[in-house]
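Engineer: Residue numbers (our numbering), protein chains in the order written: chain A, 1 to 354; chain B, 1 to 354; chain C, 1 to 354; chain D, 1 to 354.
Treat the hints with care, as some may be off.
Any copy, or any two copies together, can satisfy a pair, since identical chains are not distinguished.
Stated by the list, open to error - Below, a list of computed lysine-lysine pairs in the PhoX-like style, where the Cα atoms sit at most 25 Å apart:
no., residue 1, residue 2
1, K51, K124
2, K40, K338
3, K236, K51
4, K221, K338
5, K236, K12
6, K236, K292
7, K12, K300
8, K144, K300
9, K300, K40
10, K292, K338
11, K142, K236
12, K221, K144
Hints were generated in silico from the structure; no laboratory data involved.
There are 4 protein chains.
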Amino acid sequence: MSNKTPNGEIAKTTVGVIGCGYWGPNLIRNFNQLPISRVKYCCDLDDSRLKHMKSLYPNVAITKNYEDLINDPEVDAVAIATPVSTHFPIAKDCLEGGKHVLVEKPLAASIGEAEELVKIAEAKQRILFTGHTFVYNAAVQKMKELVEEGELGDIYYVSSIRVNLGLFQEDINVIWDLAPHDISILNYLFGSEPITVSTFAKSYIRPGIEDVAFLTLQYPKNIVAHIHVSWLDPCKIRRTTLVGSRKMLVYDDTSTLEKIRVYDKGVTIQPHYDTFGEFQLAYRFGDIVVPKINDVEPLKTECIHFIECIRNGARPMSDGTQGLNVVKVVERACESAKLGGAPLALERHQGGSE
Amino acid sequence: MSNKTPNGEIAKTTVGVIGCGYWGPNLIRNFNQLPISRVKYCCDLDDSRLKHMKSLYPNVAITKNYEDLINDPEVDAVAIATPVSTHFPIAKDCLEGGKHVLVEKPLAASIGEAEELVKIAEAKQRILFTGHTFVYNAAVQKMKELVEEGELGDIYYVSSIRVNLGLFQEDINVIWDLAPHDISILNYLFGSEPITVSTFAKSYIRPGIEDVAFLTLQYPKNIVAHIHVSWLDPCKIRRTTLVGSRKMLVYDDTSTLEKIRVYDKGVTIQPHYDTFGEFQLAYRFGDIVVPKINDVEPLKTECIHFIECIRNGARPMSDGTQGLNVVKVVERACESAKLGGAPLALERHQGGSE
Amino acid sequence: MSNKTPNGEIAKTTVGVIGCGYWGPNLIRNFNQLPISRVKYCCDLDDSRLKHMKSLYPNVAITKNYEDLINDPEVDAVAIATPVSTHFPIAKDCLEGGKHVLVEKPLAASIGEAEELVKIAEAKQRILFTGHTFVYNAAVQKMKELVEEGELGDIYYVSSIRVNLGLFQEDINVIWDLAPHDISILNYLFGSEPITVSTFAKSYIRPGIEDVAFLTLQYPKNIVAHIHVSWLDPCKIRRTTLVGSRKMLVYDDTSTLEKIRVYDKGVTIQPHYDTFGEFQLAYRFGDIVVPKINDVEPLKTECIHFIECIRNGARPMSDGTQGLNVVKVVERACESAKLGGAPLALERHQGGSE
Amino acid sequence: MSNKTPNGEIAKTTVGVIGCGYWGPNLIRNFNQLPISRVKYCCDLDDSRLKHMKSLYPNVAITKNYEDLINDPEVDAVAIATPVSTHFPIAKDCLEGGKHVLVEKPLAASIGEAEELVKIAEAKQRILFTGHTFVYNAAVQKMKELVEEGELGDIYYVSSIRVNLGLFQEDINVIWDLAPHDISILNYLFGSEPITVSTFAKSYIRPGIEDVAFLTLQYPKNIVAHIHVSWLDPCKIRRTTLVGSRKMLVYDDTSTLEKIRVYDKGVTIQPHYDTFGEFQLAYRFGDIVVPKINDVEPLKTECIHFIECIRNGARPMSDGTQGLNVVKVVERACESAKLGGAPLALERHQGGSE
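Extracted from the complex, chain A is given alone in its bound form (with noise of 0.2 Å):
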């Protein structure tokens, strides 16, 4: 696992990669095609898919035992995208077997399995990485530069949607589908995770399966988020409306050339001049701009911050810790959900070592 081959050159990060459904084939493909990495092994339960990939990739070996990867001294690195609930074991065993590991968001399917997979990861002095890929997204991160530059003043609230028609997953309910997405860009542009959950949902076409849900998140400084996220709508929306005092901004992942709009618009109150002290309040209706977003693939982005974190020992940006914050996140809705939208703390977690 030296970085150096015997002529001197840099050697690349051996990447395996569990599970070749719907997500995996996109890790594959950019660490195959990276400079700094290669994939050496393809692993899936289902032998169309690991045919499939052997097609379309000659040179990878492919298995359906991860226990494969694990074993191989060559495997530096692990990226694992596979059914929710299986994430906590085999990046359990994979972390124990010494390999750094890239885990699919949401990191593990309970705040409990989270918290233990951090622990694992921080005795065994392993890279854990969530794969929020939004947080690499460019648009995602020209949104944190402006806010952070306080060009939208302070925030008031985000409204965000992410619906779609489908589609549906097998384990998991469409809150641990989609809203870690919005989930883990909030707490990025906020640097902070949200006090409470309040969360309404319902299931329409599987019982038990809730496939259209509202969050209201309260983060610190008063800043409100609520989030739709649904499987049943015919229409796919990725909108995300950030509401400040100076500006307000929108963000529409489904534009290819207009990711980002800055209004220049607002509304404050006036000083009171007249005897009456009558109620003035003073608009603002200003130019629209709409920012260069660079066009890079979040993924790619993303894949090379991890083999550099390897590389470096440094730390992720989208770490086991921001992975564990987006699952508490989302088990606190789930259970405000079974509630009926009560509004749920985001307090410790008893037991948690964070």
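Guided by the hints, dock chains B, C and D onto chain A, whose structure is given.
Structural biologist: Quick look at chains B, C and D alone, frame taken from chain A:
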């Protein structure tokens, strides 16, 4: 107040309009242009508004005292477009003075007030009409038709967004201001009031006056409606999505030519043919149809209906009871917001006589 | 016709409007609402139109004989919104009767007619004003400002689309109907008439009346403008693209809030650094800016300018000569279309005295 | 080159791809993924492109000499995606070497070259296939179906816009680069070549290389097509409007989900019922339908068709003659542009043997 002039023509119904601010002029314009009505009085407390009305309609009498309208036996009906807090006393006086009354939405500032207006109108046998303009909107009527014909199948849920920057109202919050539109549409579509309402709301610009709110309404037959209203959004959005078991529909009121889009999209759970009883879903992605919508001004349709109800003694589609029903939801929604979003039942108001 | 009333107030300029069909009512409404003007007469040959105008403006006199306006010494100015073929005789009579005259675009039905009107106006020292509404449009004025400031660099070409389904005009083809808008905008932007015009046109619905046309105009400084006008298109499009050496601009007149978009995009040929002199281009893809545009009704700005020119004796931005310049291009464009698209020079018209 | 392997399976057709720049990799990817074909060679003059192809497809042989493909008897077919000026010599060599040949559009750099390729292919009884990808596009096929079924009525005219910023080609102008897409679509839709073509074009960035052009094509049955192509537009537009006597259609290739919209709109001249024979038009404004379009990658459909034609000896939909027909229009269009836009007939080329 006979409908016949001496020479046998149908006489015009005589209307007085109280309130010449933002909406009143639209009522004046419509009642003045209809062949079946004329405006005799414009009433406002503001001289400059009265002067402006006089310049536009030189034949109309102007007055700052609405008693003038009540005392004039030629006046058949009064339309009230004043601040919400004044709806009750003015409408009460007009009804008691024997006039038919159209009140802008919301009908009154509380359930108690609305109930009393309904009672007075019944006692005096006068028309009490609520200005729920949207139920006279051809696009909403097309939706109603599609829902009733079963074109959409069973309705699962509705998601509605009604946001823009301002106009902030002086005496009411954004729920009282904007949500009555959505609630009147939903009550009309489903022929029913909601069972419960839950609201999350925040005030950013003026303490105590909510400018952003999210309402969740539970209707009979397991239908959920979610409504987002805001005075603090960079974009003007008026968009309602109806998700049904057969088809889905999007109503965009800001679109001039494509207000309604019907998506032949859906997902159904499949019978389990295989021995393992695996989960199987069938998705349907078909054509989109944008039906031609009649582009008559909804307020014109509303004004004609008001005059015709006066003449025929018919019950208006948006009568006092419909106005009351909307006020019930709004008042409960605000109570829920004060309680942090707790779901409240829309049970009959204490002492209500409905 | 003094500007002072006996008690020292500025008197309103008195206007008569001839033609109460599609556009005339907009003129009446504006001149009637301005504090500096009033409408004394509405004139039309159609009784029902006159009756309708009277119902809207009870204080206005109606007449089928435009001589009534000319003969009334109180009338300062006449606005003409009649079919194009009647512009010349009516405007001539009004000018000769000593009235200031606003004529809807196109100024007249031929170059000869337009030239004669210009001459008469000069001889009689009356204002001859052409209703080129678009040069009073705030979005067009913003474009002019950006062009003049050099924000776009050198203009390469303009591509304009002005199409929709109908309204077919009775007495003119689509070039006479729609192209004057674009030509007046372009002449204004570039401060010049085109040098040549070439047109391809077809008639589908009525023999001999072209309903679709494509015009190519060559302006000085190597600027090319291409204009597509049609009465036979399913979509209403009013879109003008300006391509400059520094930036590019799109003006979409159907957009309410984003009429102008400025693209910081461009391409420049690079100096040849390498020994092989290879072809190298540098592309620039930067931000998009949507400047805030004042949303005053352009016709209001136009009407104010007309009245002010009457009062101050100033030369209107869209005077008779500008109207004539547009008519020259249109007449030549139609000649080119008859010749199958041959480019024709816009040299001075034979016998013209301009 | 038998279709059977020794053990009875259908053998894969073996393809070599020449040119690995912008488009070639798409051909390689498709031929490599199809079950009925495989790529044996990638050929390019650029080492870095070859190296990149090898990294993506380790089993593929790379070469800078296309003779290697011709000399390998295992190679059944060659796909050529090189600069246009090289299409002719390479395709000629391949055909004469006994290979089936797919050439990217345009087929060749002149009518003479294209004619000779057609002749050689016939003489050698090899498939000559032109890469008119759009005729394999499901949206274009839907349009063809609607046109043929008479859904649109008689076609009046077509207006097509294909513009964006760059990519500038090194060896050809924008007409040769972009117009073949539209011409191949139109020839396919109408089952015919145009009768005449007229073009206005300008070069702004590189002297002598037109970067903006407007083409007017006259097809049989009085159908006119107008095409605007440009490398100098801030927006990527690929939009074709078909106006028919019964309905109108807009095809927007940049839309992912709504590529085709069918408007039930039209205008018809009415019979003259009244005694004055007045002009009367009836407008029809009906529903809009957005038909579901199969979202198969058009190039995949094209590649399958190529392989199947090789196997079955069938005539390709986009054979050499279709390729020649498009080249004829393009060459004439460029001649017309040099003549300032004069309409040129598409009569048979001098000395042509077609």
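Engineer: Against each hint, give a clear statement of whether it holds in the structure.
Structural biologist: Comparing the hints with the structure gives:
1. In the homo-oligomer, the alpha carbons of K51 and K124 never lie at most 25 Å apart, since the shortest distance is 34 Å inside one protomer and 39 Å across protomers.
2. Taking the shortest Cα distances, K40 and K338 never come within 25 Å of each other, neither inside one copy (43 Å) nor across copies (58 Å).
3. For a Cα distance limit of 25 Å, the shortest separation of K236 from K51 qualifies neither inside one copy, at 32 Å, nor across copies, at 39 Å.
4. Taking identical chains as interchangeable, the C-alpha atoms of K221 and K338 lie at most 25 Å apart only when they sit on different chains, with a minimum of 20 Å there against 28 Å within one chain.
5. Taking the shortest Cα distances, K236 and K12 never come within 25 Å of each other, neither inside one copy (38 Å) nor across copies (39 Å).
6. For the identical chains of this complex, K236 and K292 are neighbours both inside a copy (23 Å) and across copies (15 Å), given an alpha-carbon limit of 25 Å.
7. When the C-alpha separation of K12 and K300 is checked against a cutoff of 25 Å, the pair qualifies only within one copy, where the shortest distance is 16 Å, while the shortest distance between copies is 33 Å.
8. When the C-alpha separation of K144 and K300 is checked against a cutoff of 25 Å, the pair qualifies only within one copy, where the shortest distance is 19 Å, while the shortest distance between copies is 40 Å.
9. For a Cα distance limit of 25 Å, the shortest separation of K300 from K40 inside one copy, 18 Å, qualifies, whereas the shortest one across copies, 29 Å, does not.
10. Proximity of K292 and K338 under a CA criterion of 25 Å is satisfied in neither setting, with 43 Å inside one chain copy and 38 Å between copies.
11. For the homomeric pair K142 and K236, the shortest alpha-carbon distances inside one copy (23 Å) and between copies (24 Å) are both at most 25 Å.
12. In this assembly of identical chains, K221 and K144 lie within 25 Å of each other by CA distance solely inside one copy; the values are 16 Å within and 43 Å between copies.
In this structure, the hints that do not hold are numbers 1, 2, 3, 5, 10, in rising order.
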